[in-house]
Amino acid sequence: METSRSQVVELSYTLALGIPENILVEILSKLPVKSLLRFLCVSQEWHALTKSSYFIARHLVHHSSCSDQIRPCLLFLSSLAGNFEDDCKPRLGFSLLRDEEITFLGLPSLPNLTIKTAALKLVGSSNGLVFCHVIDTENWTSTTEEKHDIASRFRELLLVWNPATQQFRCLPEPKNNISLEQEEEATSVLFAFDCVHDHDISEYKLVRVFSHGSDDPTDHGKEVTTFEAQVFIRSTNSWRQVKDKLAFPSYKSCFESTATTLNGVLYWKVVQKSDECYVLSFSLHEEVFSIIQLPICIRYLNRDDYNWTTVPLYSWKDSPAIVVTDYSANGNPNIVFWVMSTNEESKSNTNESGTQMRTPTWVQQVRLKYSVLDGFGMIGRWKDQFLFTSKKTNEAAGATDDIEPEDLFLYDPRSDTKRKIVKHAVRIKFIQVENYVESLLPV
Amino acid sequence: MKKISVRTSDGQEFELEENLAMESATIKTSLDAFSRDDIILLPNVNSWEMVKIIEFFTKVQELETKFGVKFMEKKEGRFLEAFQAEFDKDLSDDNLYCLLWTVDYLGIEVLLENLCHLMAERTKNKTVESCRNLFGVQHDYTPEEEAEIREDYSWAFEGPEIEE
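Quick mapping for you: the protein sequence lines, in order, are chains A and B.
Just so we're aligned: the first sequence equals residues 1 to 443 in my numbering.
Just so we're aligned: the second sequence equals residues 1 to 164 in my numbering.
Be aware that one or more of the hints could be misleading.
Ranges of calculated distance between the beta carbons of each label pair, as one might list FRET restraints [what the hints assert, rightly or not]:
| # | chain 1 | residue 1 | chain 2 | residue 2 | range |
| --- | --- | --- | --- | --- | --- |
| 1 | B | Y105 | A | E156 | 56 to 62 Å |
| 2 | B | A33 | A | D200 | 41 to 47 Å |
| 3 | B | E86 | A | D326 | 34 to 40 Å |
| 4 | B | D152 | A | S415 | 45 to 51 Å |
Computed footprint of chain A on chain B; a stretch qualifies when at least three of its residues, placed anywhere within it, have a C-beta under 8 Å from a C-beta of chain A [said to hold, decoys possible]:
| # | stretch |
| --- | --- |
| 5 | 18-29 |
| 6 | 57-68 |
| 7 | 91-105 |
| 8 | 109-118 |
Which residues of chain A face chain B? A few of them, derived with a C-beta cut under 7 Å, are [said to hold, decoys possible]:
| # | residue |
| --- | --- |
| 9 | L40 |
| 10 | Q44 |
| 11 | V231 |
| 12 | I233 |
Derived from the structure by calculation, the hints contain no laboratory data.
We treat Cβ as the ideally placed atom computed from N, Cα and C, and that holds for glycine.
With the hints as constraints, model all of the structure from the sequences given.
Put into structure tokens, the structure is as follows:
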């Protein structure tokens, strides 16, 4: 279409008026972060606009709703492969699946980090922010001069990172409020993270839950284990001890790798000395612990039940779900998802230590024949579907270091359909997965 | 179906079906204030823009029949793709910019949403300079200030997708 004279006149008139701000916001909020960062130097007005929390919120809303459609946007913790650049120098980072393509997001370079001995864990991702926990197994000791520099003296490093803007921040270490003796015994440490944007889109809260022997000096048999928590809030830039504690009797062990955060509540599995299993929870918003009772048929740990100790708690429509294997009358194994109902009617009472004890109803939502997923490894969920990798080919890898290419599938239990979303991901072994959305949120 | 007559800035007259004309908040307000038999004057709308808008309405009706969904009420992903393919072809960046402005003036929400999407697609790979030209934005940074931003986010300025 040629631009006629009247159109030219009209254009200069319209340009002189400038674009209405509401339209500019609509257009800019649909742009990817990389473009917006470049356009920061278009003008001071654009800079101020795109840095405003109003705009950041609108941008996030638009991109979140886009990712609600059929193509997942996921962040993976993967081992080995993908962490190598062309010159074969290893790097820590995550694999990003978007539009059915996988790219590698390398962590920003952290000083004094020995990559070969560092272990990276993905704590969570929310609103475009990614929380990582890096443990450097080599640098246990530090000299006095280095003590003031957080990044150089770490045994563990907590990092909040926005991969889209490449901003990152190392969080200060929390201080343990317990005796030295207890600190030495403190094992299980769990982290959870959530955005708490009631007022401010950029506000987030990180919680660190850890357990140690009883506070009661008469408890020499270590009958009771205490769970405590500390929270870090972005705006205060510091850790705070949480008042509530959980005294859990007859504790045997807890399974950190099973922990899941859903809707601002951290859930994890524990087992007592009597092999009775429970799910414990900590609510980030209310900052209280609870003990959740399980239905009788899955309450007792079968020593061979690998599912209980390693398989994470999944979610089903934002409620925690436990995966167990049971057997039909004909001896065929089934995979069963027990989902906790979170309605108000679930009974709860308080035990002697003041901790809330909940006995909600658990419902068997899904029952699958084991054979449906035989040979597949479940690594996580996306919406109400489950993510699997094809494990079959890995058995052929044998003693070599070669990693067989894996396929990634989505399985929808309601329609019993499998959909391949990544074919032959070369040199990537998927371990952990989180939903991800690009955003401009500051760290 | 009642027809509403409108006259654009260059004196051309168009007839719109009532239900479609009512999608424009501006026209609707005028209709409520005045008699339906009068011609509505749209001094801020050019005739080529009106042609485009009518084209849009026609397309919507076509797609509504094809997919059986009321597009005006819902924002359907499939519609967006079909719409973009049609509209993108003949519209220059400047024309798109003018059309956007006019549609905002007329208050046709669904069309506005789709045009914003089109505009975003066109803008995302532009350089800073062509972006300023397109939106008629004044360059108000000193060279030093701009250099600082470019350095902070140097990776955002690189990439094969960025148009020259």
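Evaluated hints:
no. : hint                        : verdict
1   : B/Y105 x A/E156: 56 to 62 Å : holds, 58 Å
2   : B/A33 x A/D200: 41 to 47 Å  : holds, 43 Å
3   : B/E86 x A/D326: 34 to 40 Å  : violated, 55 Å
4   : B/D152 x A/S415: 45 to 51 Å : holds, 48 Å
5   : 18-29                       : violated (count 0)
6   : 57-68                       : violated (count 0)
7   : 91-105                      : holds (count 9)
8   : 109-118                     : holds (count 4)
9   : L40                         : holds, 5 Å
10  : Q44                         : holds, 5 Å
11  : V231                        : violated, 31 Å
12  : I233                        : violated, 27 Å
Going down the numbered hints, you'll see the structure goes against 3, 5, 6, 11 and 12, while the others check out.
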